[in-house]
Amino acid sequence: MQRENEFKLLKIEKKIENTTKKLNAERSLQKLIAFVKTTKPEKLPVPHIKIFLSQREKVNTLSELTELLTEQEHQKELLDFEKKLLESKLTKK
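To convert, count from 1 in the sequence shown and add 69; that's my numbering.
Honestly, the hints are just simulated from the structure, not real lab data. Check each hint, because a few of them may be wrong.
[As the list claims (entries may be wrong)] Here are the computed lysine-lysine pairs in the PhoX-like style, where the Cα-Cα straight-line distance is at most 20 Å: (1) K145 <-> K83; (2) K119 <-> K100; (3) K127 <-> K145; (4) K80 <-> K153; (5) K127 <-> K77; (6) K109 <-> K119; (7) K100 <-> K112; (8) K145 <-> K90; (9) K100 <-> K127; (10) K80 <-> K90; (11) K119 <-> K106; (12) K91 <-> K127; (13) K153 <-> K77; (14) K84 <-> K145.
[Said to hold, decoys possible] Okay, the calculated beta carbon distance ranges per label pair: (15) E86 <-> L154: 55 to 65 Å; (16) L101 <-> K161: 54 to 64 Å; (17) R125 <-> K161: 32 to 42 Å; (18) L154 <-> T107: 44 to 54 Å; (19) E73 <-> L101: 39 to 49 Å; (20) S157 <-> L131: 33 to 43 Å; (21) L98 <-> L159: 40 to 50 Å.
Using N, Cα and C, we set each Cβ at its ideal position, and we do this for glycine too.
Build out the structure end to end from the sequences listed, making use of the hints.
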């Protein structure tokens, strides 16, 4: 049971790491989109970048990723608690 818990912990930590990377990438993209929106088209290096980036704008993605990250962190907390509980039961035997 303890090995299974350790495996689940490693798995959720990897998921948290991946979700954090996706969230940071999405935040960076949203900042770029906001910058391009406020910049005059003639000052942009590529004329059609405004159109391209506006198609990539997804407001829901940030909230979905944040929600997913919160859920994963909660799962990790539960697994950490379970690990401590298992360890305490093993030391009592």
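Now for the hints, and whether the structure bears them out:
1. K145 <-> K83: Roughly 11 Å between the alpha carbons, so the hint for K145 and K83 holds.
2. K119 <-> K100: holds, 13 Å
3. K127 <-> K145: The given pair, whose Cα atoms are some 28 Å apart, is violated under the 20 Å limit.
4. K80 <-> K153: Distance of about 18 Å is within 20 Å: holds.
5. K127 <-> K77: violated, 31 Å
6. K109 <-> K119: Within the cut-off at roughly 10 Å; holds.
7. K100 <-> K112: holds, 17 Å
8. K145 <-> K90: holds, 17 Å
9. K100 <-> K127: holds, 12 Å
10. K80 <-> K90: Distance ~16 Å between K80 and K90 Cα, so the pair holds.
11. K119 <-> K106: OK: K119 and K106 at ~7 Å, within 20 Å.
12. K91 <-> K127: Roughly 13 Å separates the two Cα atoms, so the pair holds.
13. K153 <-> K77: holds, 14 Å
14. K84 <-> K145: Within the cut-off at roughly 10 Å; holds.
15. E86 <-> L154: 55 to 65 Å: violated, 25 Å
16. L101 <-> K161: 54 to 64 Å: The hinted range 54 to 64 Å holds for L101 and K161, with Cβ atoms some 55 Å apart.
17. R125 <-> K161: 32 to 42 Å: At 55 Å between Cβs, range violated.
18. L154 <-> T107: 44 to 54 Å: Between L154 and T107, where Cβ atoms are some 52 Å apart, the hint holds.
19. E73 <-> L101: 39 to 49 Å: Between E73 and L101, where Cβ atoms are some 42 Å apart, the hint holds.
20. S157 <-> L131: 33 to 43 Å: Holds, at about 39 Å.
21. L98 <-> L159: 40 to 50 Å: Since L98 and L159 have Cβ atoms about 47 Å apart, the given range 40 to 50 Å holds.
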